[in-house]
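Peer 1: Sequence:
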Amino acid sequence: TFLFTSPPQCLKQRSSHPLSFFFFFLWGVRLRPQLVQLASVELLVRAQQESVSPSTMEQRLNRYEKLDFLGEGQFATVYKARDVETNEIVAVKKIKVGNREEAADGINRTALREIKLLHELHHENIIGLLDVFGHKSNVSLVFDFMDTDMEIIIKDSKIVLTPANVKSYMIQTLKGLEYLHMHWILHRDLKPNNLLLSGSGILKIGDFGLAKFFGSPNRINTNQVVTRWYRSPELLFGARQYGVGVDIWAVGCILAELLLRVPFLPGESDLDQLTRIFQVMGTPNEENWPDVKSLPDYVQYKQFPPIPLRDIFTAAGDDLLDLIYKLLALYPLNRCSCTEALKMPYFANKPAPTVGDKLPMPASYHAGVNRDAASKEDKVPTLKRKLPDSVDGGTLPKRLQF
1 TFLFTSPPQC LKQRSSHPLS FFFFFLWGVR LRPQLVQLAS VELLVRAQQE SVSPSTMEQR
61 LNRYEKLDFL GEGQFATVYK ARDVETNEIV AVKKIKVGNR EEAADGINRT ALREIKLLHE
121 LHHENIIGLL DVFGHKSNVS LVFDFMDTDM EIIIKDSKIV LTPANVKSYM IQTLKGLEYL
181 HMHWILHRDL KPNNLLLSGS GILKIGDFGL AKFFGSPNRI NTNQVVTRWY RSPELLFGAR
241 QYGVGVDIWA VGCILAELLL RVPFLPGESD LDQLTRIFQV MGTPNEENWP DVKSLPDYVQ
301 YKQFPPIPLR DIFTAAGDDL LDLIYKLLAL YPLNRCSCTE ALKMPYFANK PAPTVGDKLP
361 MPASYHAGVN RDAASKEDKV PTLKRKLPDS VDGGTLPKRL QF
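The sequence shown: position 146 = 146 (full-length UniProt numbering), numbered continuously.
Everything labelled a hint here was simulated from the structure, so no lab data went into it. Please note: incorrect hints may appear among the correct ones.
What the hints assert, rightly or not - No more than 35 Å apart at the CA atoms, straight line, and that leaves these computed lysine-lysine pairs for DSBU-like: (1) Lys80 - Lys175; (2) Lys358 - Lys343; (3) Lys80 - Lys94; (4) Lys80 - Lys155; (5) Lys293 - Lys175; (6) Lys167 - Lys80; (7) Lys293 - Lys212; (8) Lys212 - Lys326; (9) Lys94 - Lys158; (10) Lys175 - Lys158; (11) Lys358 - Lys175; (12) Lys350 - Lys175; (13) Lys212 - Lys66; (14) Lys358 - Lys293; (15) Lys94 - Lys350; (16) Lys350 - Lys326; (17) Lys350 - Lys66; (18) Lys155 - Lys343; (19) Lys66 - Lys358; (20) Lys293 - Lys158; (21) Lys343 - Lys167; (22) Lys155 - Lys167; (23) Lys302 - Lys94; (24) Lys94 - Lys212.
Computed from a prediction, not measured in an experiment: that's the story for all the values here.
Can you make the complete structure from the sequences, with help from the hints?
Peer 2: Written out as C-alpha cells, the structure reads:
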C-alpha cells in the first residue's frame, strides 16, 4: 500500500488522474513529514469535484441522511447519519475548511492527520474511515458509528465492571495499539473517551488528530500531546524524542481508572501531575531512570518512596499488578510493549475475557434499542408533525449538507 511501502507505479509516473497528487502526498508524508505543513486536504476536495460529474456529486451529497446531533468540538461537528445506499448507521465529522488561523494551507492539521493515517489503517480495534469528500468550503469524514465510549462506561455508577469486563477492554485496546505500533504510528492521545464501544462488544481506538509516525532517530516532536492525566513523565519533563512508551503509559492510566472508577492521577497542572506520579511510583533518579536530568524541562523533586500498588488496587491479583507495574514504569525503556503485555500471565489466567454483547452498556443505549424495537412493532397511529413537501412533490428528509 502506498502509505507504508512505496508509491504505486501510477504515482511514480505522476499519473494525470486528479487524485494522483493527493495520494502521492499521502505516501510522501511517511518519508517527508514536513509536507504535512505544506499540503492541504483541499487538494482532495478539488480533485473530487474535477473528477466527477455534477449529478454524481449530488448523489454523494445526498448519500448521508442526518439522524441526530452527537457533539461539537473546536474544529468539527459530529452527526449520526444513515448511509441511504447501504442503510448502515455511520458517524459524520463535518470540518470547516478555509477559515483556520492555525493552518495557512486551509485545514487544521487534526483532520489532515486523521485522513492520511486512517485511509490505510484497517483493524477490528481501530475506527474505520469509510469516506472522505467535500463540497464548497467543507470537508467531511465518515466513520464507523459507535454506541458509546469508555469514559461513559466508567462514570456510570449503575454499571458493574467485572474482572472479565476489564480484561476484555484491555485486550482490545492493546491489540489495536499493537497494530498501530507495528506500523510505526504513535496515537499520542489515548484516554477513555477515545476508546469507542459498540453494542456488539467491539472496542475501537478513535481520534487520530495527534497521531504521528515515529522511528526516525533525528525527528523532534512536540511534548504537548496526550491529555495531562494520561501524559507520561518523560513528556511532562519536556522530552522531544520519544517512542511507544507514551502510549503504553496512557494505557496503564486507563487500566487503573477502570479498576478505581475515577481518574488515577488527575493533576491540575504539569508540575502537579508529576508530583502525583512520583507520590505513587516514587521519584526517579539516575539509577532507575538513566539521564533523566538531561531532559529539557527536568526539575528536582522531593524524594518520594513508591507506594505498593497492592495498597491502591486492593482487589487486584498478582498477575494484574504485574501488568500495571510494566505499563507504568517510570523509565520509558522499562515499559512493556503491547505484544509483551498481551503475553503476560494476566491475559492467560482466569477469568476469561467477556465477549461480544455481554459487555455492559449504559442505560441510554438500552433505552435507544428498546425505543427502536417498539417503533418497529407499534402499529398504532401516532400524531406527528408532517414535513412540508418539496416543489417536485417529493419529501424533504433531513440531509447533511457538505
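Peer 1: Confirm or reject each hint.
Peer 2: Here is what the structure says about each hint:
A hinted pair counts as satisfied when its Cα atoms are at most 35 Å apart, and Lys80 with Lys175 qualifies at roughly 27 Å. Using a Cα cut-off of 35 Å, the hinted pair Lys358 and Lys343 holds, with the two alpha carbons roughly 24 Å apart. For the suggested pair Lys80 and Lys94, the alpha carbons sit about 11 Å apart, so the restraint of at most 35 Å is met. Simply put, Lys80 and Lys155 have alpha-carbon atoms about 23 Å apart, close enough for the 35 Å limit, and the pair holds.
With a C-alpha separation of about 34 Å, the suggested pairing of Lys293 with Lys175 holds against the 35 Å cut-off. Between Lys167 and Lys80 the CA atoms are separated by roughly 29 Å; this keeps the pair inside 35 Å, and the hint holds. A hinted pair counts as satisfied when its Cα atoms are at most 35 Å apart, and Lys293 with Lys212 qualifies at roughly 26 Å. A threshold of 35 Å between alpha carbons decides the hint, and for Lys212 with Lys326 the separation of about 24 Å falls inside it, so the pair holds.
The hinted pair formed by Lys94 and Lys158 meets the criterion: a straight-line CA distance of about 33 Å does not exceed 35 Å. Restraint check for Lys175 and Lys158: the C-alpha separation of about 28 Å stays at or below 35 Å, so the hint holds. With a CA separation close to 20 Å, the supplied pair Lys358 and Lys175 stays within the 35 Å bound. Taking the CA atoms of Lys350 and Lys175, the gap is about 19 Å. The hint holds against a cut of 35 Å.
With a C-alpha separation of about 31 Å, the suggested pairing of Lys212 with Lys66 holds against the 35 Å cut-off. A C-alpha spacing of about 48 Å is found between Lys358 and Lys293, which places the hinted pair above 35 Å, so the restraint is violated. For the given pair, Lys94 sits about 44 Å from Lys350 by alpha-carbon distance, which is inconsistent with the 35 Å threshold. Between Lys350 and Lys326 the CA atoms are separated by roughly 20 Å; this keeps the pair inside 35 Å, and the hint holds.
Under the criterion of a C-alpha separation no larger than 35 Å, the hint pairing Lys350 with Lys66 is inconsistent with the structure, at around 44 Å. Proximity of Lys155 to Lys343 is assessed by CA-CA distance (about 29 Å); at most 35 Å being required, the pair is judged to hold. Annotation: proposed proximity of Lys66 to Lys358 holds, straight-line Cα distance about 29 Å (limit 35 Å). Distance hint between Lys293 and Lys158 is unfulfilled; the C-alpha atoms sit about 46 Å from each other, more than 35 Å.
For a cut-off of 35 Å, the pair hint linking Lys343 to Lys167 stands: about 13 Å separates their Cα positions. As the CA atoms of Lys155 and Lys167 are separated by approximately 18 Å, the hinted pair is consistent with the 35 Å bound. Between Lys302 and Lys94, the direct Cα distance comes to roughly 48 Å. Violation of the 35 Å bound is thereby established for this hinted pair. Taking the CA atoms of Lys94 and Lys212, the gap is near 22 Å; set against the 35 Å cutoff, the hint holds.
Checked against the numbered hints given earlier, the structure breaks hints 14, 15, 17, 20, 23 and satisfies all the rest.
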